[in-house]
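In case you want the letters, here they are:
2 protein chains.
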Amino acid sequence: MNSRLKSIYSTLEAKRLDGLLVSLPANISYLTEAQTRDSYLLVSKKQNIYFTDSRYTEEANKFLNNNAMLKECNGSVFARIAESILSLKLKNAGIEERYLPLAEFNKIKEYSKGKFNLIPTHSIVEDKRMIKDATEIAKLRKAAQITASALEYIKRFLAPGIKEIEVAAELERFMRYQGASGASFDIIVASGPNSSQPHHLSGERRLRNNEPVLIDFGADYQGYKSDLTRVLFLGKINVLVRKVYDIVLKAQETAIKKIAPGAEMAEIDRVARSYIAKKGYAKHFTHNLGHGYGLEVHEDPRISGNEASAVRPGMTFTVEPGVYLPGKFGIRIEDMVLVTVKGCEVLSGAINK
Amino acid sequence: MNSRLKSIYSTLEAKRLDGLLVSLPANISYLTEAQTRDSYLLVSKKQNIYFTDSRYTEEANKFLNNNAMLKECNGSVFARIAESILSLKLKNAGIEERYLPLAEFNKIKEYSKGKFNLIPTHSIVEDKRMIKDATEIAKLRKAAQITASALEYIKRFLAPGIKEIEVAAELERFMRYQGASGASFDIIVASGPNSSQPHHLSGERRLRNNEPVLIDFGADYQGYKSDLTRVLFLGKINVLVRKVYDIVLKAQETAIKKIAPGAEMAEIDRVARSYIAKKGYAKHFTHNLGHGYGLEVHEDPRISGNEASAVRPGMTFTVEPGVYLPGKFGIRIEDMVLVTVKGCEVLSGAINK
Numbered sequence: 051m052n053s054r055l056k057s058i059y060s061t062l063e064a065k066r067l068d069g070l071l072v073s074l075p076a077n078i079s080y081l082t083e084a085q086t087r088d089s090y091l092l093v094s095k096k097q098n099i100y101f102t103d104s105r106y107t108e109e110a111n112k113f114l115n116n117n118a119m120l121k122e123c124n125g126s127v128f129a130r131i132a133e134s135i136l137s138l139k140l141k142n143a144g145i146e147e148r149y150l151p152l153a154e155f156n157k158i159k160e161y162s163k164g165k166f167n168l169i170p171t172h173s174i175v176e177d178k179r180m181i182k183d184a185t186e187i188a189k190l191r192k193a194a195q196i197t198a199s200a201l202e203y204i205k206r207f208l209a210p211g212i213k214e215i216e217v218a219a220e221l222e223r224f225m226r227y228q229g230a231s232g233a234s235f236d237i238i239v240a241s242g243p244n245s246s247q248p249h250h251l252s253g254e255r256r257l258r259n260n261e262p263v264l265i266d267f268g269a270d271y272q273g274y275k276s277d278l279t280r281v282l283f284l285g286k287i288n289v290l291v292r293k294v295y296d297i298v299l300k301a302q303e304t305a306i307k308k309i310a311p312g313a314e315m316a317e318i319d320r321v322a323r324s325y326i327a328k329k330g331y332a333k334h335f336t337h338n339l340g341h342g343y344g345l346e347v348h349e350d351p352r353i354s355g356n357e358a359s360a361v362r363p364g365m366t367f368t369v370e371p372g373v374y375l376p377g378k379f380g381i382r383i384e385d386m387v388l389v390t391v392k393g394c395e396v397l398s399g400a401i402n403k
Numbered sequence: 051m052n053s054r055l056k057s058i059y060s061t062l063e064a065k066r067l068d069g070l071l072v073s074l075p076a077n078i079s080y081l082t083e084a085q086t087r088d089s090y091l092l093v094s095k096k097q098n099i100y101f102t103d104s105r106y107t108e109e110a111n112k113f114l115n116n117n118a119m120l121k122e123c124n125g126s127v128f129a130r131i132a133e134s135i136l137s138l139k140l141k142n143a144g145i146e147e148r149y150l151p152l153a154e155f156n157k158i159k160e161y162s163k164g165k166f167n168l169i170p171t172h173s174i175v176e177d178k179r180m181i182k183d184a185t186e187i188a189k190l191r192k193a194a195q196i197t198a199s200a201l202e203y204i205k206r207f208l209a210p211g212i213k214e215i216e217v218a219a220e221l222e223r224f225m226r227y228q229g230a231s232g233a234s235f236d237i238i239v240a241s242g243p244n245s246s247q248p249h250h251l252s253g254e255r256r257l258r259n260n261e262p263v264l265i266d267f268g269a270d271y272q273g274y275k276s277d278l279t280r281v282l283f284l285g286k287i288n289v290l291v292r293k294v295y296d297i298v299l300k301a302q303e304t305a306i307k308k309i310a311p312g313a314e315m316a317e318i319d320r321v322a323r324s325y326i327a328k329k330g331y332a333k334h335f336t337h338n339l340g341h342g343y344g345l346e347v348h349e350d351p352r353i354s355g356n357e358a359s360a361v362r363p364g365m366t367f368t369v370e371p372g373v374y375l376p377g378k379f380g381i382r383i384e385d386m387v388l389v390t391v392k393g394c395e396v397l398s399g400a401i402n403k
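Line by line, the protein sequences are chains A and B. Here the first sequence is numbered in the numbering used here, starting from 51 and rising by one per residue. Here the second sequence is numbered in the numbering used here, starting from 51 and rising by one per residue.
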């Protein structure tokens with residue numbers, strides 16, 4: 051039994067739960083230390099059970115070891131889950147309310163025949179995932195390195211006339227040759243005015259001279275995700291673009307300097323936001339400063355003005371201020387930070403800005 | 051207002067619902083005829099409302115036209131949804147029970163203050179999506195063509211020593227140059243014994259001579275997904291592999307011949323399954339014969355032994371029998387079918403088997 055599962059047992063005990071049905075794929079991957087798919091995991095001190103279908107039996111047999119028993123379900127997985135809860139005599143079984151669809155909740159409840167309670171819970175596994183261990187940090191470091199190399203590679207490839215989607219194609223291909231299973235999310239290549247949409251869909255537009263190209267992408271390395279944004283330029287940089295770029299960069303640097311154990315998340319967001327506000331672009335910085343990354347590319351913590359909690363060593367999150375001028379252009383600069391005992395390390399620090 | 055939204059109004063009326071909160075991304079894309087993300091859509095005869103956050107305002111303004119009003123939500127989208135249901139005075143609002151997480155359901159319910167009912171529904175939009183219109187078929191045809199070209203391209207690239215993940219890299223790169231936004235799902239390249247896992251994760255294993263290579267992949271073309279599987283061979287084909295290949299191919303051909311309006315889905319599954327059973331491999335064909343494809347790569351209908359309903363013109367689904375010999379190899383052959391008035395067309399028919 052691995053230590054991650056054991057740590058869940060203690061939390062369940064504290065919450066007076068006899069078990070937890072884990073349904074978020076990233077949570078299941080975390081607890082089994084494997085790249086899982088299409089599965090449910092019932093965690094309980096009496097027995098852990100992994101439910102999947104016949105397509106995955108062979109791989110599950112390889113990775114489950116003594117962490118969980120495999121139950122192959124072809125047909126209703128919810129009936130099997132309820133049967134297992136009943137046969138283990140769990141009275142109060144937690145479910146992940148943020149991920150379990152209403153219909154699945156109701157089905158399991160129906161099969162329970164009133165013999166156990168389903169208790170809505172949230173963040174039990176996510177809270178553990180927020181603090182990365184050495185194995186996870188090594189994988190995230192590698193994911194960041196692959197991303198950095200891909201960015202260097204693509205700089206030599208960019209030229210007027212090339213389509214956004216072709217840039218995305220070359221980035222993902224390169225990352226796979228470097229050991230990534232793929233991109234960690236749909237690669238954003240936003241040229242010229244497209245860059246003013248924070249989440250532009252890379253398309254058929256061709257790069258032009260004297261325009262910014264915003265590239266937001268990451269690698270998936272053994273399930274761990276990186277996330278990085280840079281704005282590159284072809285030809286001459288317009289004065290306004292340069293001005294906004296410098297504001298965003300300074301806002302990011304100021305925020306990164308604030309990061310150390312004990313610093314409030316809201317305060318880290320605030321220093322970047324107030325610098326941008328001072329320069330007159332407050333209403334153009336329309337999203338949070340950053341988000342956790344790990345088994346998911348967006349995970350806890352959220353670095354936003356509403357988060358009163360403090361950062362802790364082992365947390366990994368992005369710092370990505372942005373200024374978007376609709377119809378004109380947008381600038382976002384995003385790096386990957388790891389909170390250390392004394393301050394922070396920028397995992398994507400090898401990349402020029 | 052487009053005709054897709056109008057057709058939902060009639061269904062809601064028949065079900066005595068005043069509105070429907072659509073949360074499945076593919077359903078929202080279908081109803082807005084756009085590539086949507088991170089959004090909710092409230093459909094009601096009084097007004098349709100599209101909820102998203104500031105990252106997508108600019109693109110949503112472009113595609114919504116007169117189909118829905120845009121409501122930008124930064125903060126709790128669920129409070130905004132409840133407010134809208136209240137201000138439109140909807141008494142009975144449907145929700146998609148298969149997709150709405152329990153916590154979201156409960157939040158909206160809480161904000162309702164007992165002034166409206168949330169009614170669990172399923173398949174309202176999915177039922178419409180099952181029958182493709184001309185625009186959709188054109189996009190699926192293009193997605194199939196891109197996939198076919200990519201397969202021809204990759205045949206010349208395969209050689210002993212190349213990694214599975216490198217094959218995936220080249221396939222996806224090629225498809226993007228042909229107009230796809232990317233692969234329609236994680237590309238499966240399963241070499242040698244890896245092919246016995248129906249959903250193998252493409253990895254670092256290198257192709258070898260005298261082994262099968264199973265490739266299962268598709269293109270995403272303007273939101274529409276293709277899905278195709280072929281087994282290719284390097285060097286000499288082993289007698290058993292050839293024998294199993296011929297069985298799977300014959301099973302597929304027999305099933306495809308059955309497809310015409312009125313044919314039962316269970317029967318289409320049965321003809322393939324019983325052929326494989328007759329040849330002694332019943333227990334090695336471990337999944338359904340096929341699944342619908344469209345805005346999702348797996349959608350309704352399911353072509354399985356439990357589906358008593360009949361196929362109808364305009365339905366699109368895969369036909370993909372497979373035989374898996376754990377630890378040895380697996381063979382799956384998958385094509386994309388479109389049900390026509392008289393029989394069916396194989397959209398991926400240009401590709402050799």
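Source of the hints: derived by calculation from the structure; they are not laboratory data. Backbone N, C-alpha and C fix where the C-beta goes; we use that ideal spot for every residue, glycine too. Hints may contain errors.
What the hints assert, rightly or not - The calculated EDC-like cross-link candidates involving lysine to aspartate or glutamate, where the alpha carbons are at most 20 Å apart (straight line), are:
| id | chain 1 | residue 1 | chain 2 | residue 2 |
| --- | --- | --- | --- | --- |
| 1 | A | K192 | B | E109 |
| 2 | B | K333 | A | E395 |
| 3 | A | K65 | A | E83 |
| 4 | B | K112 | A | E122 |
| 5 | A | K189 | A | E317 |
| 6 | B | K192 | A | E108 |
| 7 | B | K333 | A | E108 |
What the hints assert, rightly or not - Examples of chain A residues toward chain B, derived with CB under 10 Å:
| id | residue |
| --- | --- |
| 8 | R105 |
| 9 | P210 |
| 10 | A218 |
| 11 | G229 |
| 12 | E254 |
| 13 | R258 |
| 14 | F283 |
Hints and how they fare:
Between A:K192 and B:E109, the direct Cα distance comes to roughly 34 Å. Violation of the 20 Å bound is thereby established for this hinted pair. Only pairs whose Cα atoms come within 20 Å are accepted, and B:K333 paired with A:E395 is rejected, the gap being roughly 53 Å. At most 20 Å may separate the alpha-carbon atoms for a hinted pair to count; A:K65 and A:E83 exceed this at roughly 24 Å. In summary, the hint linking B:K112 to A:E122 is not supported, as the alpha carbons are separated by about 47 Å, beyond the 20 Å threshold.
Restraint check for A:K189 and A:E317: not satisfied, since their Cα atoms lie roughly 29 Å apart, outside the 20 Å limit. In summary, the hint linking B:K192 to A:E108 is not supported, as the alpha carbons are separated by about 35 Å, beyond the 20 Å threshold. For the proposed pair B:K333 and A:E108, the alpha carbon gap of about 14 Å is at most 20 Å, so the pair holds. The closest approach between the C-beta of A:R105 and any C-beta of chain B is roughly 4 Å, which is under the 10 Å cut-off, so the hint is satisfied.
Evaluation of the A:P210 hint against chain B yields a violated restraint, the C-beta minimum of about 18 Å exceeding 10 Å. This hint holds: A:A218 has a C-beta 6 Å from the nearest C-beta of chain B, less than the 10 Å allowed. Nearest Cβ of chain B to the Cβ of A:G229: about 8 Å, under the 10 Å cut. The hint holds. Among the interface hints, the one on A:E254 holds; its C-beta lies about 8 Å from the nearest C-beta in chain B, closer than the 10 Å criterion.
Annotation: interface hint on A:R258 violated; nearest CB of chain B at approximately 19 Å, more than 10 Å. Because the smallest distance between the Cβ of A:F283 and any Cβ of chain B comes to about 22 Å, over 10 Å, the interface hint for this residue is violated.
Comparing the model with each numbered hint stated earlier shows that hints 1, 2, 3, 4, 5, 6, 9, 13, 14 do not hold.
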